[in-house]
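Asks: Each protein sequence line maps, in turn, to chains A and B.
First residue of the first sequence: 1, per the working numbering; consecutive thereafter.
First residue of the second sequence: 1001, per the working numbering; consecutive thereafter.
Do not rely on the hints blindly, as some may be mistaken.
Below are the SDA-like pairs computed for lysine to any residue, each with C-alpha atoms no more than 20 angstroms apart in a straight line [what the hints assert, rightly or not]:
id: 1; chain 1: A; residue 1: K105; chain 2: B; residue 2: G1027
id: 2; chain 1: A; residue 1: K105; chain 2: B; residue 2: F1098
id: 3; chain 1: A; residue 1: K318; chain 2: B; residue 2: F1039
id: 4; chain 1: A; residue 1: K324; chain 2: A; residue 2: Q35
id: 5; chain 1: A; residue 1: K59; chain 2: A; residue 2: Y138
id: 6; chain 1: A; residue 1: K105; chain 2: B; residue 2: T1110
id: 7; chain 1: A; residue 1: K105; chain 2: B; residue 2: G1059
The hints are simulated quantities; they were obtained by calculation from the structure and are not laboratory data.
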Amino acid sequence: MKHSSTLAVLGAALLLSACNNDGGTPHQATGPDPQLPQPHRGLLPNMKIAEPASWGDQKPTVPEGYSVTAIATDLGIPRQTLVLPNGDIIVAEGRGGSAAKLKPKDIIAGYIKAQGNTKVKSGNRLTLLRDADGDGIYEVKSVFAENLNAPYGLAYANGKLYVANQDAVVSFDYKEGQTQASGAPTKLTDLPAEINHHWTKSMTVSPDGRYLYVGIGSNSNVTERGMEVELDRARIWQIDAQTGAHKPYATGIRNPTALATQPGTGKVWVVVNERDEIGPDLVPDYLTSVQEGGFYGWPYSYWGQNVDPRAQPQNPEKVASAIKPDYSLGAHVAALGVTFSSPVMGDKFADGVFVGQHGSWNRPNPAGYKVVFVPFSQGKPAGEAIDFATGFRTEDGKTRGRPVGVTVDPRGALIICDDLANTVWRVPRTK
Amino acid sequence: MTVTVNRCTPGPLHAILLAGTVPLFLGAFLSDLAYSNSFQIQWSNFASWLLAGAELFCGLALLFAIGNLIGATRKSGRPLIYFLLVLVTWIVGLINCFVHAKDAWAIMPTALVLSIIVTVLACVTAWVGLTNLRSEV
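Produce the entire structure from the sequences given, and follow the hints as far as they go.
Replies: Structure below.
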């Protein structure tokens, strides 16, 4: 029996060596120059899944001088919002994706990750919220349009409401005061929709309404579904709002989950979810202004020229051309919302962007699960991100909510979608 | 004086499970080889599923091996060696499954090396098990 005990010890040692104590730095620095440790991964990927808990009578924590109310609940997975010229709020609700499970891992990991998300059915609709008397209570809640296909990106221009479904950009003619669409939507253009591993189609519009910009996520973490399925993926399209004609505006962007147009400059900004499974502090999700024609690395490299050998065959020319993003938000925070602020939000938060962070799964020390503010100066990020809305996780490690889209309401409030609690939060300035 | 040694070989189900590990592990190894030569991810998917099947067969064979060990009058020698061989094959196979759960090229070259080792182990284990589970005098 001596042999078998030796073997047992060997087996245990092997399993232990697969684990490691590296849970990731408790506080990840934000900014233009993140620390990039060596990539590593144990025998099993780090998985720490949000265990859902109800808000009860609790609410997110916001800074002094702001209050917070749930202006809509029981939605069908709210993701992004848009404020119309009359102050009405449109909420896009749904869940997309049709990625087949190719490996045993997909079945197991898919089941585990689903535990941290809502079980509610995909709404596949737009809901309109109205506060006619400006008292902060949204007394009207009306289905604006339904039977859409996982709507996500929203934009208003040219008298139309543009909606990025997971498979197409469609538009509704809009007259001020409408609480529901006057008819079926008109398709502007199809979008790449095969597999839709990353299905969210984020959208913004140029200030003159001429172009729509649509973010199209990759079809894998890092090409594990093959290179062929990445055709037309991991990029931002520029789409002519009149004709629907498109061209790639920027490429190599793994998962551009939210887009915003900068007031004044008209520049397109994006928040991007970077790759998983090479360590708790890799790879930082980022915020960046988008350079037309730029290549941002995915899948060959990250944060400039850091080669990711998991993507094969490699392409050294592409690696050499990869642009470093402007600003790291921290690894695995899962930024899913971005909006430019304005002076209505008060002095401290007047110049910058708000970023909604859905929160990590691939990190022992959870990251994200909050809304942060990235201060800007002279049109560029300047300084560390500041927490704006927190308390989405309880002290005992359960998760009450997961922030997604964020939108500044010109009346002086931040609107936050919470796709775990199926709630829309509004954070008005009170003084 | 003659001593009669009765060889004890596996029953049909035990034999199918044990011998079945060989083509499954071999298939995984060949699929890994094809992936490493072509970068075609489907080979890697095949390898993952073949390994999952091999582990299922090997795990059930392990139960038979435990039963054989418990049932043997003399625990050392053949019954113990056979049990240890199945156990090691199963453990190496399991580690190989986890390695195959990494994304894309991250599995290389470990996956290929482990697939070779576990295929050889499966051959030896099946050979030993099918020849003689225990000798009863």
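Asks: Quick one, are A:K324 and A:Q35 close enough, alpha carbons at most 20 angstroms?
Replies: 13 angstroms, holds
Asks: Does the alpha-carbon distance linking A:K318 and B:F1039 stay inside the 20 angstroms limit?
Replies: 18 angstroms, holds
Asks: Between A:K59 and A:Y138, is the straight-line Cα distance small enough, at 20 angstroms or below?
Replies: 17 angstroms, holds
Asks: Hinted pair, alpha-carbon criterion (20 angstroms max): A:K105, B:G1059. Please report holds or violated.
Replies: 19 angstroms, holds
Asks: Tell me if the straight-line CA distance from A:K105 to B:F1098 falls inside 20 angstroms.
Replies: 9 angstroms, holds
Asks: Sort out whether B:T1110 lies within 20 angstroms of A:K105, counting only the CA atoms.
Replies: 17 angstroms, holds
Asks: Taking only the CA atoms, is the gap from A:K105 to B:G1027 under or equal to 20 angstroms?
Replies: 19 angstroms, holds
Consistency note: the structure conflicts with none of the earlier hints.
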